[in-house]
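Turn these sequences into a full structure, and let the hints steer you where they fit.
One line per chain: the protein sequences are A and B, in this order.
Sequential numbering from 79 applies to the first sequence in the numbering used here.
Sequential numbering from 224 applies to the second sequence in the numbering used here.
The set of hints was computed from the structure by calculation and includes no laboratory data.
A portion of the hints provided could be inaccurate.
What the hints assert, rightly or not - Some chain B residues close to chain A (C-beta under 8 angstroms, calculated; not the full set):
1. H460
2. N464
3. P539
For every residue, glycine included, the Cβ atom is placed at its ideal position computed from N, Cα and C.
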Amino acid sequence: MNTAVLSVRDLVVEIPTRNGVLRPVDQVSYDIAPGEILGVVGESGAGKSMTGNAVIGLLDPPARITGGEIHVSGQRIDNLPREALRRLRGRKIGMIFQDPLTSLNPLLTVGEQLTETIREHLDVSESEALNRAVAALDEVGIPAARQRIGSYPFEFSGGMRQRVVIALALCAEPELVIADEPTTALDVSVQAQIVALLKRLCRDRGVAVMLVTHDMGVIAEAADRVAVMYAGRLAEIGPVRDVVSHPTHPYTAGLMASTPLASLGHNRLRQIPGAMPRLEALPDGCAFHPRCAYAEDTCRAEPGPSIETCGGRAACWFPLSHDEQEGAA
Amino acid sequence: MLAYIIRRVAQSVLVLLVVGLVAFSMFRFVGDPVDNMLGQERTQADIERLRVELGLDQPFPVQYGKFLGQAVQGNFGLSYRQGRPVADILLERAPATLELAAVSGLMAMIGGIGLGVFTAIRRRGLGANIVMTSSLVGVSLPTFLIGILLIYVFSVELNWLPSFGRGEVVRLGGWTTGFLTESGLKALILPSITLGLYQMTLIMRLVRTEMLEVLRQDYIRFARARGLRERSVNFRHALKNTMVPVITVTGLQLGSIIAFAIITETVFQWPGVGLLFINAIQFVDIPVMAAYLMLISVMFVAINLIVDLLYFAIDPRLRLDRGTGAKA
Ligand SMILES: Nc1ncnc2c1ncn2[C@@H]1O[C@H](COP(=O)(O)OP(=O)(O)O)[C@@H](O)[C@H]1O
Ligand SMILES: [Mg+2]
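Here is the structure:
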C-alpha cells in the first residue's frame, strides 16, 4: 500500500491543562504521494500548524502526540527517540514557516546557515557544502548567488528572504516539505511567485508537500488535493477540483461560499454563522453541528462517520448531494 | 561609521569636561585645604605662601583651565595630606584595584554568562531552580555583609584565607602584582568574590532573560526544524543573539566594579584607590578625591565607548547600515 511519502494515521495531539486535556488534533489521517502537494485549509485555530509540527516532531511541550502513527517513506517516526528524530529533520522532512523576516538568524550569513545545514546532514567537505549552498540559492532564483552567499538576511527583501528559507528547507534534499502559511506574511505581489517556485522545485524533485494556508487561491493554484480541518478534525479531503466544486461536508461548502475565488464564479460572499468553538468548549458529536443547517440529533451525539466521496473522504452524517449545492450554507 | 565614532568621542569629552568641573569645584567649595595642610603653629605668611604655591589665589576660570590642562597631563597636584604628587600616589595604588577588578570582572562575566545560559536551557531543571533561588540572595545581600560573612567563615572559623591586605606582592617595573605569590593569590579570593558576586548575579539573570527570549524566536525554531544539534542551536544561534544586549549591561557592570571596589577595599583593607579615596574623604584631601573622580569617569566613558564599538563587531546590521559596504 505504501508508495506515500507521508502517511498519517489517526493522529491525536493532546495538551494537558489544569481544566482537563485539550485535543488540538483529533484522529487525523491522510497520505501524501511523491511530488504531490496537499493543501491544508481551515480557520485559524483549526489545528493545521499543530498537525505539521507533530509530523516534524516540534510540538511545544506540554503538547504531545498521544495516539496514531506517522510514517515517512515507510519508516514510522512518531515513536523515534529525540536524537533520531533530529537527524530526520532537515534531511527527510523540511519545514518552511510563515514569516521569512524572522525565520533567518540575523547574525549569520545566508551562506553560513546553508552550509551548516548541509554539513549537518550530508557528508561533504566545507568547499563542497559551499558549492551546494550557492547552487541552492541559484535554484530558488537569487540573482548572483555566489556574490550573495556572504550576505546577511537583512540585506534581502521579504520575498528574497522567503526564497532563502525555501533553499534552506530543501538544501539537504528532504522527501517531504511542510510549508506552514509560507506566503501569508508576504506582499501580495510576490505571493504567487513564491507559490510557483515551491511548486516547481517540489515537482522537479518529487518532494511531497504539505501546504498549510488559508488562501483558497493558493490551493487552487498549487495543490493537487486539499484537506479541510475543523476544530482539530479532518472534515473533508479530496482532489482540489472536486472539493471546490462539489463539497460534501457542509463546513466545506460554507468555507467555499465565504471565499472570494474568481474561478468559482461566486458573486456574493456568504459567512458561516457563528464561530469555531474553542478547544476548551467543544460540543459533543460533530464539532460543526451548532453552525450546521443540516444538523440533527445524531450529529449532536456522535462525530460524523468517515464516508467515501468522489476521490476522497468526508466526516459527516448527512453529506451534501451534488444537486443540493446551490442551497448550501 | 566613522561619523558615529567621532560623535561618540565628542560626547565622551563633554561628559569628562562636566565631571572635571565638578571635581574642580570641590577645591573651591569644600573645606579650606590650607587649614588642613598646615599644623597648629602657622603664620599668616605661611598661609599666603601656600595659597600662592597651590594657585588658590587666582580667579575661578583660570584655575579651572589650569586644572584641566594639568589633569590632561596626568598632573593632579600635591596631596594635601601626604604632600606628594597625587598621580604618584594613584599609580602606586592602581595595580591593587585593577587586579582585584580584573579578577572579579572575569569571574562575574564567565560565571554570569555560564550560569545564565545554563538556567535558560534547563529552565525547568532542579539545578537551574537552585541557582535562580540562590541568586536572589546574591542580589539582595549588601556587599559589605557578604564580605563580612566570607571573612567570618573562611578567615575566622576555618582560617583558610586572609581577611585583609594583599599578601606578598612582586614588583615588576612600576607595577606591583599579587598574581605571582601564593599569599597574593589567596588574598585575592575573598575580595574578588565579594566584589564580583553582585555583578555576576545581575549578568546571570540578564543572560537568562535574554536567552529565554531568543529561544522563543522563529529562527531558533527554524534552526531546530533544519535538524541542527541542540548544542549548535543553543550556542551558535541563540547565545550570539543574546550577546548584543548583554554586552551593554556587562560593560557598564564592569565599570561599576571599579566604583564599587570602594566598599570591598574598605572591608578587606585592600590597598587600592578605593581605600585611598575613603581615607582622602576623612582628611578632606581634595586633590586625591578630584583625581579619583576623574579617573573613574574616564574609565566609565572609555568602557561605554568600547561597548559601542563591540556592537559593530557583533551585529552586521549596524556594520553595513552605515553604508561602508565593508563586506561583500
Ligand atoms: N499551549 C497551548 N495550550 C492550549 N491550547 C493551545 C496551546 N497551543 C495551541 N493551542 C490551541 O491549539 C489549537 C490549534 O492551533 P494551531 O494548530 O496553531 O491552529 P492553526 O490551524 O491556526 O494553525 C488552537 O485552538 C490553539 O488555541
Ligand atoms: Mg497556524
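Problem - Hints violated by the structure (numbers, ascending) - result: none
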